[in-house]
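Undergrad: For this one, chain X is given, so just place chain C on it according to the hints.
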Amino acid sequence: MMNLHSHSSNAQYAWASVIGPSHILNELPNQDACAVLSLKEGMAFVVSDGVGSKKHSDIGSKEVIKAVKRAIKTWYQFPHASANHLLSLIHTYWEMGILPYDRDDCSATCLFAVILNDNRCIIGQVGDGVILFKLGKDHYVLHEKEDDYVNVTLPLHLARRKDWKIEDFFIDDSFEILLATDGVSEDLIKEKRFHFMTDLVEKISDVKGQKKKNSKIKNMLKKWGNPYNSDDKSLIIYSRRVMNGKYEY
Amino acid sequence: MEFVKPTLRPLPVILLLDTSGSMYGESIDTLNVAVKRMIESFKKEESTQAEIYTSVITFGGRANVYLPFTKAQDIEWVNLEANGGTPFGGALRLCKELIMNLNSVELGGKPYKPTIVLVSDGNPTDEYTVMLDDFINTKRTGTCDRWALGIGDHADYAMLEKFLSGQEKRVMEASDAAGISKFFQIVTNSTKVRTTSTNPNAVPEVSADNLGDFLHGDIIMTKEKPQVKPVTVSNAVPQHEEQDENDESPFTF
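Residue numbers (my numbering), protein chains in the order written: chain X, 1 to 249; chain C, 1 to 253.
FYI, nobody ran anything at the bench for these hints, they're computed from the structure. Treat each hint with caution, since some may be false.
[What the hints assert, rightly or not] In silico lysine to aspartate or glutamate, DMTMM-like type, Cα no more than 20 Å apart, as pairs:
| no. | chain 1 | residue 1 | chain 2 | residue 2 |
| --- | --- | --- | --- | --- |
| 1 | X | K190 | C | E2 |
| 2 | X | K223 | C | E2 |
| 3 | C | K139 | X | D163 |
| 4 | X | K192 | C | E2 |
| 5 | X | K222 | C | E2 |
[Said to hold, decoys possible] Okay, the calculated beta carbon distance ranges per label pair:
| no. | chain 1 | residue 1 | chain 2 | residue 2 | range |
| --- | --- | --- | --- | --- | --- |
| 6 | C | A178 | X | K223 | 46 to 52 Å |
| 7 | C | N64 | X | H195 | 39 to 45 Å |
| 8 | X | K162 | C | D176 | 47 to 53 Å |
This one's a predicted model, so the numbers in the text were calculated from it and none came from an experiment. Don't be surprised by glycine CBs; every beta carbon is placed ideally from N, CA and C.
Same shape as in the complex, but just chain X:
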């Protein structure tokens, strides 16, 4: 395996979350949450979609972000802990984080990726949305969704281990990942999803500075290509490439 450098100096990323037109109309908050977390343990990406019909789902989605962060920090202290332990901690921290509200009222999805300092990468998903990633020349979709009427989406608090989609691997090549809530993923033309991802990377490569990169994504979400889509929309794009044994961008 190549001796890879730390992620922070060679990678680029951007994230944005915009409220859906129907939520503005109904004076509801943005029920999505998303965050890129730069931690001493590594880098984490989280998007969460609060279930629309639940009254505190905006709290639920924000608590997903906090729960993933807390879980990583605790889990990292145990060198032999498995990915299952990390998932278990996410559940536990979320359940405590939403208190005193009812779990069902705070229903939210959980899509995350964490790249640890040793280049171990864990990607997990419960509920709707999509995680696409490229490892070297290979393209992956973490979970290909069935028709949503066939399988009702599971929020975090109802998920069991079998409901989690998980990948746990080491990155030894160029790596790109896109995490998006279903406000974005539902509209993507299936055959063009990875083109979309490449386009995002190119978009954020064009500008310097994190704020400008984020603005670029935010503007794109605000001018979303499907005028009929009334949902909140959130995404995170992350990319790092290996050139001559070093990550470059």
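TA: Relative to the frame of chain X, chain C by itself:
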């Protein structure tokens, strides 16, 4: 943005209509008027959440896709005619094919939960039981929003009830033309509610209370079925609700 579909997601409605000889006369005439009204009503719908695509499968003499999935605006209704036997099993097979192939049909997006409306006035004349079992036990067909109307006393209510199994909906019975018409109004109303809902996959609950005028008098009545909760004719319960209430430990290794 060339990566995105700039379209409303489709809400498929499939009408499974008995056009056998016994429907000849007032029944088929009323059915034609009711379906035409439904389509006209769909045409007026200006939802920003979903677009209704209607398909009609007839079973009279032979099972036939009378109308492939079509937007309401593009439908020019041509009246059905009644004759022949009642090949319900064949119609179910065609219906299943339509649903299983929904994603490969270019409707403009990932379909919402289809609504299937079965109307019949008699006993099937083909072997349908295996097909019906398969239909209700297959996930993609069995999770559809299903409605059933029996016309008159000779309809096969046991078959109609089985068609609805797995839902809380009840078979409805129409004793005359007005009943058929009202049934279609109820289905039209329920479907339109879905198209404006923030979650069109959720089937609205239709009870005697909120049906209002639809249940005035006894023109339409739910078939008596004491073992089922009274009056509720529709209620989709999320599949996951039952599993968690008494389980405080959602995660096991």
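Undergrad: Tell me the hint numbers this structure goes against, listed in increasing order.
TA: Hints that this structure does not satisfy do not exist here, as all of them hold.
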